[in-house]
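Undergrad: Chains as they are written, first to last, in the numbering used here: chain A, 45 to 368; chain B, 45 to 368; chain C, 45 to 368; chain D, 45 to 368.
Calculated from the structure, these hints are not laboratory results.
Just so you know, these numbers come straight off a predicted model, no measurement behind them.
A portion of the hints provided could be inaccurate.
It does not matter which identical chain is meant; a pair holds if it fits inside one copy or across any two.
[Stated by the list, open to error] Below 35 Å or equal to it, Euclidean Cα-Cα: the simulated DSBU-like pairs (lysine-lysine) are: (1) K261 with K59; (2) K233 with K84; (3) K59 with K255.
4 protein chains.
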Amino acid sequence: MLFIIVHQTFELWFKQIRWELEAVNRRLSSTVLADREIGKIVSGLQRIARIQLLMFEQIGVLETMTPLDFLDFRDRLVPASGSQSVQFRIIENRLGLRDRVTVGRQPYTAALSPEHQAMVARSEQEPSLFDHVERWLDRTPFLHVGEFDFWTAYREALHDLLGRERRTIDASGDLDDHARAELRARSEKIFSAFETLFGPEADQESMTAEKRRLSQKALLAALLISSYPDEPALQLPSRLLTALIDVDIGFATWRYRHALLAHRMIGGKIGTGRSDPSYLEAAIDQHRVFRDLSDLPTYFLPRHALPALPPDVLEQMRFRYGDD
Amino acid sequence: MLFIIVHQTFELWFKQIRWELEAVNRRLSSTVLADREIGKIVSGLQRIARIQLLMFEQIGVLETMTPLDFLDFRDRLVPASGSQSVQFRIIENRLGLRDRVTVGRQPYTAALSPEHQAMVARSEQEPSLFDHVERWLDRTPFLHVGEFDFWTAYREALHDLLGRERRTIDASGDLDDHARAELRARSEKIFSAFETLFGPEADQESMTAEKRRLSQKALLAALLISSYPDEPALQLPSRLLTALIDVDIGFATWRYRHALLAHRMIGGKIGTGRSDPSYLEAAIDQHRVFRDLSDLPTYFLPRHALPALPPDVLEQMRFRYGDD
Amino acid sequence: MLFIIVHQTFELWFKQIRWELEAVNRRLSSTVLADREIGKIVSGLQRIARIQLLMFEQIGVLETMTPLDFLDFRDRLVPASGSQSVQFRIIENRLGLRDRVTVGRQPYTAALSPEHQAMVARSEQEPSLFDHVERWLDRTPFLHVGEFDFWTAYREALHDLLGRERRTIDASGDLDDHARAELRARSEKIFSAFETLFGPEADQESMTAEKRRLSQKALLAALLISSYPDEPALQLPSRLLTALIDVDIGFATWRYRHALLAHRMIGGKIGTGRSDPSYLEAAIDQHRVFRDLSDLPTYFLPRHALPALPPDVLEQMRFRYGDD
Amino acid sequence: MLFIIVHQTFELWFKQIRWELEAVNRRLSSTVLADREIGKIVSGLQRIARIQLLMFEQIGVLETMTPLDFLDFRDRLVPASGSQSVQFRIIENRLGLRDRVTVGRQPYTAALSPEHQAMVARSEQEPSLFDHVERWLDRTPFLHVGEFDFWTAYREALHDLLGRERRTIDASGDLDDHARAELRARSEKIFSAFETLFGPEADQESMTAEKRRLSQKALLAALLISSYPDEPALQLPSRLLTALIDVDIGFATWRYRHALLAHRMIGGKIGTGRSDPSYLEAAIDQHRVFRDLSDLPTYFLPRHALPALPPDVLEQMRFRYGDD
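Go ahead and model the full structure; you've got the sequences and the hints to work with.
TA: Shown next as structure tokens:
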């Protein structure tokens, strides 16, 4: 009974998540995103993240079953595996998940019925949340404003900071030569990685080598938004980026919790003496849609080292009520 | 400020967990475990699991910081890494963690001060929760009672069940030859794995090959307790095993959440295009103290297929008040 | 959409709670409760408490709606009020709720359809969880064992403790006469309240004056179980009492959270300048089924002041395996 | 041990809440609130709400103690009552709590030491969060813009809606005369309550009769912000109002949970047969600082009935980047 009820509530929550996701995608799809929409988009993503927390709690309710309780009805569940929810597959596709880790050589939809396979296939066709977010970032108007070029300004500031750090390292009496060399190498690595990712010479090849999915321009826009989150015009956009990371991590954690639950109920893999980690690794590392956003803080500058935005940029980022 | 407060509360909770853990270890250490103690042991472990849930929530509070907020004071934290809590290392040792996954060739205590290293070293010496649990399971009086031998009875029941399954597989018209062969191979594998683990010929070599830590007798006792959890004398012992798994999974989840938080605040590893999964894998698979207990359900029989306990065993497992 | 999904999941969880509740009632209903059943009863109640935590979280998900969002579809909900769940009414009756606080002079089922009214009426007829628990407590075999009479022993111990307290109060130089008199009066009040509730002269009249629902004998049994929770035969019974309190408080908190949500979505009562507290008070104080159990700690003695159980009682409370 | 640890962590979280609260108050105190600050204010309040959720969980950890465990050290706690935290009193004052419900005729600081009383007294002097929020709302620039007067426009829209409702009521064949009269009376009551609260003739007397604390202008500004939450300039302000309600309800729930915990550990009030509800009622109804905001939805109009904002108002509420 519990298993069935939990299953039904999961499907209801998947339905709600799909609904919210489609609403977010629809709002993001207009070529010129009206600022009026962005608050609703953020609220929609935050609601998905809230529902994810609830879904983790539901797994906790399932864990009040013992493996022996679970065995009582497992026979009746074969061959349909509980984790094969068509709705979840559709959600993954609408988020923009690609390159799923699959067990064996089967396509990831192998366990589904033909109708469900068709539904899932259709959900791969339309632009996903990832696509919409990338386009929205690509359109950010603040990367070039008049004389101001964000990339140049940021690059200089990063260069300055690393220079100061290097001088501190050289002057430090606490460090031996080895430690000094290591720290110096690290700072050079950050700068050259930044050049590779964001520099004018960045080509798709190096992006692919870095396993980036977001375009260079979109990444740079995300860097700008995250660096000046208090400017009025960036307050909601920076919350949007945070909410995307929350949702992305939420699904990773969902897979992790689900894999733990399965291990706990069914036991380890026979004859290997260990549970199969392939799904778990995948959950954490490869099944992330917005990993580029989680990775971005590598290139963040502390507030004191950020380039100051020029007055005309600041002016465009604020409201001008009351001063007409 | 938030970072410091969260850090302090974590240390307070670690302190409480250590306190509960030592109380549990103390109660388990008496050669003859008085039944009066077992309720308190279960409550202690359940309280640790409850505190773990709270600690996950605390990570959620930390996540209200943005990576940019985090950068503001990260400089002041170097070189002390936040995850290097001496108390957490001691807790791991008192649980019975061995063979830690380490980064580089450094011992896992390298980042600690000499006094802390000494404290941690001491915590490795005394018998851990794992040791106490193993001895307690080894002492279980119900594996052999009069004529009754649990291993023989269970082995027969397993044999019968697999036989019935095989006949069902052979008779099934829905399966093609390949699927039939696969299912048959799987059922043989379970039986032969059972023989290897529990059979009279089980030697330490095969146990090690299976990466088992618990003794054969302790594993068998855990199987008995988990199979008859409703017998009065096993109601608390079965809850004890569940609580051990809860606590073990709790620490794994703690490491997972902590690694996600670090990734989110600091970003991905430079120049590799991916976060470093070594710690994550470790968190999930190798840093488990009671994995043998989580793996056990592989060998569980459904209730209808379990061997019936003979009357004299049942008699020893119940109270006899009121009938004198 | 969200409102409908949350509503449907609530109904599913109510269904699960009903199912668990009926299973608990069925197990408790056998005249001689086999000890084998008590573990399952405790697990069932603990699962209900776990589901309640989930239901609180679900209210949190609903709170991601603003009152303005809520207004969009409120019109379509009238006149059916969301809180009028027939399943919840049935659950309340199966728990043993009586004397509901009602708004106006309407019966509490007025808002339901005739079929639902009939279902609710039926759920009032059969013995409730309260009835089953009372009978189970009434049957406790340990109140009188040979020469041992729990009431007499406990009464003496309470008398001794209060005597010691009074001497401490009298000897204390820190207290003025007023404080001394107050503390003395309080200790007399506890003793006389104990005599009233538990003494041989306790009649139904004084029980009613005290608004007690549980019989004197059941209350005394609950006192015994709570005072010696480590004795093997009382480990599960004491957990059962705790789980009953958890479930009872869980439903009170549910009503409280629900009332807060309603206030938040709909606003305060018009023209009074304050929200209507009648439902809230009721939620906390009158709609409690097992309040007698929550109230009981008033009469608890600290462990050092408890009467020692005689050897023949202790003997009946423990297992005797291995010593035949 | 657990009790002490929980107490210490509570004090740490109170410290963090005070720190966040002072930061919010400081940012709100500038006469012209820069829009750059509002994102941080919202984040600060949302963090407090998140910490409150954690504090509820901590009470759950305390509830793993039984009343008997609690008795073991209660003697050592007298006469200092656990709930008398000086930090909590200061937080209440910095929020703007007034007119506390007190037990007996004692001032609410009676249980504190003289130094702590002085600290608490000082915390009453400076402007509280309530004061700052009221002033910020009073300054809202959108109530009168050119020809547009929000009060007039909203009043007309409310009048129109109630007129339409009345015509629907009159035309409805499903209602008997009594029900029709009741619905009509209700709609008249809302309108006249609106006139009383917001009309030009609203004087302090009627506001006091309604037990309102916020000024008429501040209330009207809150109504405007809540009615058009999607306009860019109101996206953060509307989140700010929601966060204030969250925090306010959070502290009410904290008091409720704390009172339940105390009841559970200590038992009911002696000789009355019921727990003392005075503190509980207070928790829910009187100890609310921003109840005016929770009550406001009474006067909300559904989106379709809201007056349209004129173009010049909408223009002031949006960003104008990219269009210079």
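Undergrad: Next step is simple, just say for each hint if it's right about the structure.
TA: Results of checking the hints against the structure:
In the homo-oligomer, the alpha carbons of K261 and K59 lie at most 35 Å apart inside one protomer (34 Å), although the nearest pairing across protomers, at 42 Å, exceeds that limit. In the homo-oligomer, the alpha carbons of K233 and K84 lie at most 35 Å apart only across protomers (33 Å), although the nearest pairing inside one protomer, at 40 Å, exceeds that limit. In this assembly of identical chains, K59 and K255 lie within 35 Å of each other by CA distance solely inside one copy; the values are 31 Å within and 42 Å between copies.
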